[in-house]
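Chemist: Since each chain comes alone in its own frame, lean on the hints to assemble the complex.
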Amino acid sequence: MTALPGRTEKSLGLVIDLDTCVGCQACAVSCKEWNSASGSHAPLADLDAYGAAPAGTFLNRVHSFEVTPPEGPAVVVHFPRSCLHCADAPCVTVCPTGASYKRAEDGIVLVDEAACIGCGLCAWACPYGARELDGAERVMKKCTLCVDRIYNDALPEADRVPACVKACPTGARHFGDLADPGSAVSRLVAARGGFDLMPEQGTRPVNKYLPPRPRGPSGQAPLEPLAAAAPGGFLGWLDRALDRL
Amino acid sequence: MGRAPDLAPRIADEVRRTTCYMCACRCGIEVHVKDGQVRHIEGNRDHPVNRGVLCAKGSAGVMQHNSPARLRAPLLRTGPRGSGEFREISWDEALATATAWLQPLRATAPEKLAFFTGRDQSQGLTGWWAQMFGTPNYAAHGGFCSVNMAAAGIYTLGGAFWEFGATDWERTRLLVMFGVAEDHDSNPIKIGLGKLKARGARVIAVNPVRTGYAAVADDWIAITPGTDGLLILALAQELLRAGRIDLDYLARFTDAGILIDAREGPTRGLYLRDAEGRPLVIDRRTGAPAPWEAPGVAPDLARGLAEDGVEHLPVFRHLALRLLDPAHAPEAVAARCGVPAERIRALAAELAAAAFEAPVVLPWPWTDFRGERHAAMVGRPVSFHAMRGISAHSNGFQTARALHVLQCLLGAVETPGGFRFKPPCPRPAAAQPRPHGARGPGQPLAGPPLGFPLGPDDLLVDAEGRPQRIDKAFSWEAPLAVHGLMHMVIANAHAGDPYPVDTLFLYMANMAWNSSMNTAGTMRMLADRRPDGEYVIPRIICADAYSSEMVAYADLVLPDTTYLERHDCISLLDRPISEPDAMADAIRWPVVAPDRPGHAGVRPFQSVLLDLGARLGLPGMVAADGSPRYRDYADYIVNHERRPGIGPLAGWRGDGTARGRGAPNPGQLDRYIAAGGFWQAHVPEEAAFFKPWNRAWQDWATAMGLQDRPNPYPFALWVEPLRRFQLAAEGHGPRQPPEHLRARIRACLDPLPFWPPALEEAAVDAAAFPLHALTQRPMAMYHSWGSQNAWLRQIHGENLLFLPEAVWRQGGFAPGDWAVVTSPSGSITVPVAPMAAQNAATVWTWNAIGKRAGAWALDPAAPEATRGFLLNHLIGELLPDQGDGRRWANSDPVTGQAAWFDLRVRVERAGPDARLQPAFAPQSSPVGRGPAVVRHGGLWR
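Heads up: the protein sequence lines correspond to chains V and R, in order. Quick note: the first sequence, position 20, residue 20 per this note's numbering, numbers continuous. Quick note: the second sequence, position 493, residue 493 per this note's numbering, numbers continuous.
The shape of chain R in the complex, shown without the other chains (with noise of 0.2 Å):
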């Protein structure tokens, strides 16, 4: 018999809960700290997000946290741009020369500066930082992530998956999750797939390969990139000729029943409205005309409105001739879908079956914003889920668009057993704020850069229709550019279209590589110089913790810390971390104090964003005798208002009992920190579902400081702002579309969905390039940040091209072998694999593994930068030419979003001798390299 071990360790001095940072879900853990050291990670089983459970990215947190990569000091750069060489320089240089940068922009022309955030759960304040600055050029990088998903989600209903909404896991029969990312509510995803595995509900996913949650999903559609929109269509279509839909819902909560004004004018397809500007629908009760909103009105979706020659139709017959249209029946979609027309007739049963045969019964009276009381709340036990793989397409807006309408079909949003908002949805369109243009030298933006366009009023155009922004978001290029265009930041600058910049400043964003689409090309152009030796982009700063790719093109580097090390607010201002039932923020906090011995150390983002807002006197960063307004970012969380009472956390206000609004508590982080680094306040029962429509619900968010007033609103079936840019496309109004563009917006910006091929499909021989590609996020991987990480980096070191079996036997392959990757844009070889569980004209390959060698500490003969690759060189951020001299960005015509997945190729074999192509200089490593060996504990064993 052995020895004994010991079965009772006591690991830790103290545990500290705080938030996790590995990926963009924001979980609850508890940090294990010894010795002033993290010692283990495991998650917080208190924690609205993810009620104990943890990632294989929050497990392996530890080592991102002693990661080798970690920046230890300010750098200057030395060597010619892309080198990596820098010098190593004092917090007190670095601030002077940012200042030294920024300040003469902000006196001249503030828009100069184009300040763009990646990774950033702070936009609260980065926002506020730019919108004080002056300049527009500002967002975060949700343009080239899943805007189209959040816009049309926000226009449609007011919400949207992930952040703002997510099934009902405990009441949902079936749930169909289309084209979902990993890493977008990834915790909770794989919860409730838990849950409804556990009692038998069904999960179908509709996804080109069937790989990670499509796995273990009961059926698989195999469809084909793009064609989501199409499915979604004839799905309507099928319940519509069956008369399979909640017409009672359609009428009472959404715009079914609202007439669209059939005058010829500048009003056509505009609601048509009384004279105090409320909707109009016939009243079934007298066949006349009445406000929707008004008490005990029951809205017809047949009857229209004759008048004036015209008749003014429902918002519903609209929508039935464009869902009837034959070119949405099963039959006619099947082959473009890569789906048989009987699976798709039989997916619509299946819908039509767990909505309406047995429906959720909740016994919850509820009175709704008519004033008509309910007894119990009625829901459809029929959920989606949807991400990145219908987003970014360049026709994802009007999918994702297409989708909620299924949804508002079949009764399925805000009811039980369908799809719910998160606190501080719902939350429409037109409660959303507008983005604000530049204002000239010295000024503050009246309002914040991003926002949410009404019509073409709310555009950032100059008179004649050009683009006051550097990425182009709110011109008629992307009208709906709510999260902002990133991926077209460095692009454009370099072409100075619409105009040069001259200090791009990015906080955490790895545009020198996976973050940039043509990632050679964007390296070129960050180094590219003028004929006079300056660089055509003339100043670059970069914040980050770790030493990236783009870390090598900055000029200036100012150090971040790790999660660990600094406070953040994940605040209702911002992307919360509200589930259905409980409205919800939470902070990080510095669980171990910075540490870079022999180095000047690093300050957290934040804290040095605010220093240099008052080094700049910018204001609401400085008090009235010009010191700084805040010590750090700690205290602007806890002393910042944006509205008298409304500050970035919502918890413990005032004396510390208020909730939602109330002055600024002193003592709120130490509230935070003991209970566990997030705060609830648990929605009442009466106001959990029908929210837009409930009054307890509107009652209760105005209460808590979500909204100033309660303000239900209709689900939009028919988009209002998307027609008024159509109205502006016909001629009407002053401000008009330049020439070029004013077809495509007349066609896109369809106040109903509808499903156009994608641009680049359109654009290229298809015949040539007759593969679709794809990227997919591991689960164990979050972009760039795991290969820095010595036990991730283990799971995924390297990737692989996956080509369908009849493709790997049509060219000839063998294991091992490498393939000639080509499209539209470029070319690039790599080692590929075959997969039988994928649609048959698609290839895949995991996103973001493939590395520049020299970069994250790692040893340039990494697997990573041997054999891992980026598709991102195949994808050009510009359609190809159209032989018309102009930049057409590949990104969705309505939003901007990047269409990352409209690429097309064709797979060749590769030679025996091929090697990874392209390849690049190894970059320099100014934090050098990793330990040859980790031994993780080994301190306390």
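Bound-form chain V, shown alone (with noise of 0.2 Å):
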């Protein structure tokens, strides 16, 4: 159906860390506004908006679960959850117009609105369920990595990046060149086993996730009381730690 490029000489992409993410939806709803507003694409509508049953378009959502491991208590991850960018993307070869496409340049997997037809195909074949058919647009929305903004020369350098990764406050989200094993997203996944998701779907994905740190106590042995022999007891002990000032 659509061919992927065979390989990109970029493969941006996003790094999200799940130790630190606190479950906040700041990325949810910076690129919710984002990319309403910027006019690069439809608007992400929303329908009922003030009713009984809101359904709008998110191209981000975070989810809380809560996972309790073999020993310890109970613990709650959240896992934000948008495109990863699959080099092996079935949502490209899925598509019967083209419309869904992976730059050749930097890897990141669009659509082509115009050519959309609303099939829902590639929803469909995407494991992640990162894409949404917009309700009132009737074409398929997806996390674009803000491609309008990470070259838009419009923004100050410093703000070319995707909106979360510029409104995450934990730092939680790091975007960049995963290609490259010398940039600072490779080297973070590197250092702290950064992982596929859904490695067995074969799909490659392009963001990885660095998974949460160990819970728990940290093992520190109790204190020693002063000793209790010790000649005038706690006081006698104050007066000594007093005259060592």
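No lab work stands behind these hints, which were simulated from the structure alone. Incorrect hints may have been included.
To be verified - Below, a list of computed lysine to any residue pairs in the SDA-like style, where the Cα atoms sit at most 25 Å apart:
# : chain 1 : residue 1 : chain 2 : residue 2
1 : R       : Lys195    : V       : Ala154
2 : R       : Lys197    : V       : Ala74
3 : R       : Lys34     : V       : Ala154
4 : R       : Lys197    : V       : Ala154
Modeler: What follows is the structure in structure tokens.
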């Protein structure tokens, strides 16, 4: 159906730190705002916006899961979910019109809305549920990696990052070229054991997730009480300690 | 290959930098304006609060600005209270009506006006307005928010968490967070946590629920609500028993060495002072008494002074006795706290290791107030943060006190790596104002209505000891109610206790819904009528920007603008945006013009207040010829002077070069706008730490107008003002508590921290109500505001009550079930879900998601009204009846803080056809309903 580029010059993507993500939804909403307002694509509509069953398009959603490990108390993990810009993107190859495509220069997966017929095949093909059909426009929407920010010379250089990366208050989202082993994001992935989401799907995602660090008590030995038999007890210790100041 | 998108869209005609208002955090924002409309909002990278990041609420600001719930014109009630039926009126009629209602009150009994503000970031103005009107019945919402934390911080340290202090994020190696409300210091804490994570510092959460910050913490202590004070006292005991405390710090910088008067009589328990009033210590160099602050003095913490047959012991001896009490041993508190003793011991050991094994040493010389030169700044890299989780209990003041004492024992306040003050703090209670009462018809108060009492002389009570204020703040019922008790205003006004009021004037406070305890009862009180048919509370004026539940109960509505349409001033006279390394303040300004076509329009509330003040002829608000003194709030911000040279904004004063002090500068607002909406002055390096005792800080703060003279002071392990109230309860002094409060004052106003069980816990049968019930603020919502926001309501459109797994199992619950939740004061029926990561005796839910049908321009069938719920219905504003005929507030007996989190409940499975209870009749919407489809950005596509 639609061909993928054999290889891309860069593999731009996100590294998302699940150890640090507090689930605040800043990424989800800043994404919604930029990708509605920028005008590069159709806005992300909200149907029944003030009604009984509001349904809007989001390119990035944050889910919270509770996990009870074999040892220790349950933990809560916040998991932001958006397009992973896969190297072997099934959403592209399934597209009957060529509307879904992967850019050869940077690996970003995009939708040409003019060519999209809203058939929804790509959403079915994506194992991550990262695509949403816009209820008003009837075209497929997905993360663009803010392709209209990262090259946008109307923005200050520091702001030429995806909206979610700029907004993230804890700094849990990192943007860069994952094809370059020397990039900051690649080094972070190496240092922290970054992993592919659902590698068994064979999609070779560009985005990586960093796992939560182990949680639990420090194992610190309890404090030694002052020797009960010490001369003068607590006051004696106090007096001697003050003398040493 | 597809068509390339526009890679470089120009989205704005202009980027206007102002200050966010989507929560209490006050971040800098860049508003991209196109064709006179708000197109996009992102964080301002230069701003000291948020450094470019922005939370979900901030990014959804455009939907708040364009909310369909925006009011459009002044409203006069036409239906019964609560119906939401109004007619739109002109501003002339609205202002004339308000003036006609208020003028006679001021002329006869100004206290008959109760003026209370909710989301108020202009208390410098609103408090001054109340003062000039002459009513003491003024406060903002701090009494039902976190006054315990604020008051304990100021009385102990002269600073407090959030607005007046922060963790030293750059240097701390261990952060312990107790019960944090995620909206206070929201982005700075998130930024800080990111920094700690990046450099491998350790974070420990003490919280009944493992969500949010607790979810990313390295360790989690699932404490039982209301027992944090016990845990803290046990940690302190462990440190003390091991001698792992910072004696040098305690001796130099706290009152640990100050002698406590042991003589029987009216001075017993106060600091022993010399003839000049200076507190005395034993100087270890001489063994003789000497003034605490004298050059070279080395306070002794062990030895007392034998005199007149008694021995005056230093504070530290009293404190050690308290802390070493067997009741504070880890084993003794473990069951109650729900935390095993070995976990408490390990946490104490972690604190000690972080504090003492690798001190932070900054090679920055400084000179202390005694004149001693120090070659470096040495600190303890262990820090704490706490907020509403420990504050909103009836034992919250003493719990917060215990936490601050623990920080002092570790030497971790105002030292590198610990907890740092933000300007204008340090500022101890003695350097704060006192509260002021009414002076009679037509008279302004002699000073601000709110303040920090130092003893019974500062209470606002009459000759019989009865409260002067409608909320009973600064009475024997709540002596240190430094933020007032807004949660008691409606109930007290309805009961006529201590007296009825005529007009209730509320600014952006949703008291008919999520901001009140006993919400259903409060709604009844607001609409209750006397036998003659008049309302028990005769008049209600609301100023608000949106169609809230409270607006439906107003007789007159003064519609405010959105935060992008008005001037605001985040002032050093109020609650500024300072960070520890910078004194800073900020503005909002109209980045777009208010626009309500076809209606009378909206006006900025602060400008309306000044207009009303001028119409009422209030001092300071009229010129000599009787004309308005200020054109609007912007004019006030620039030209008002609180003291000569000190105004609402500290930047660009005088000729534009003066900082802190200086004459008004007509170009000041332009300078703020050009600079991104804020101003900051960096604290000199030599003044960066040890501020209360650091000469460089004291001189700098004086030069900058933060204080009028250097004012070094010791931290108060022993809070003398509390002891003065105890002395009165023991029979000393002319001002005596009423008999029914004498024992309570004696017990609760202890100058040393202690842990009493929560009042509700003591008053109810724990077997009948075995569970604690809490609410938390979701990070993507702010109070009731978020539900009108088309984006945020898709994240939190309904809430569930989360039950611990054992409760879920034993109750026979299944997915999709509802439960009947019963407290001593009410019952609700709500949807439930199980959760493992929470304290086993606690249920919880998100706060303020539930809405009354018809409010906020939502469809009455919205999930917020059909599945969203409030716990408020279960929480009495009064304690269960004690059978003595008295109305006992469900509040901390020291500060009056609303004890939201003392709530006890039981939970039972509801039948299969359960629906949300209680249910209320829908309110009419004076603004209609929101549109079916929102396509933000569609205009520019």
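Chemist: Work down the list of hints and note, for each, if the structure agrees.
Modeler: Now the hints, each set against the structure:
1. Lys195/R <-> Ala154/V: violated (30 Å)
2. Lys197/R <-> Ala74/V: Roughly 21 Å separates the two Cα atoms, so the pair holds.
3. Lys34/R <-> Ala154/V: holds (14 Å)
4. Lys197/R <-> Ala154/V: violated (33 Å)
Checked against the numbered hints listed earlier, the structure breaks hints 1, 4; every other hint is satisfied.
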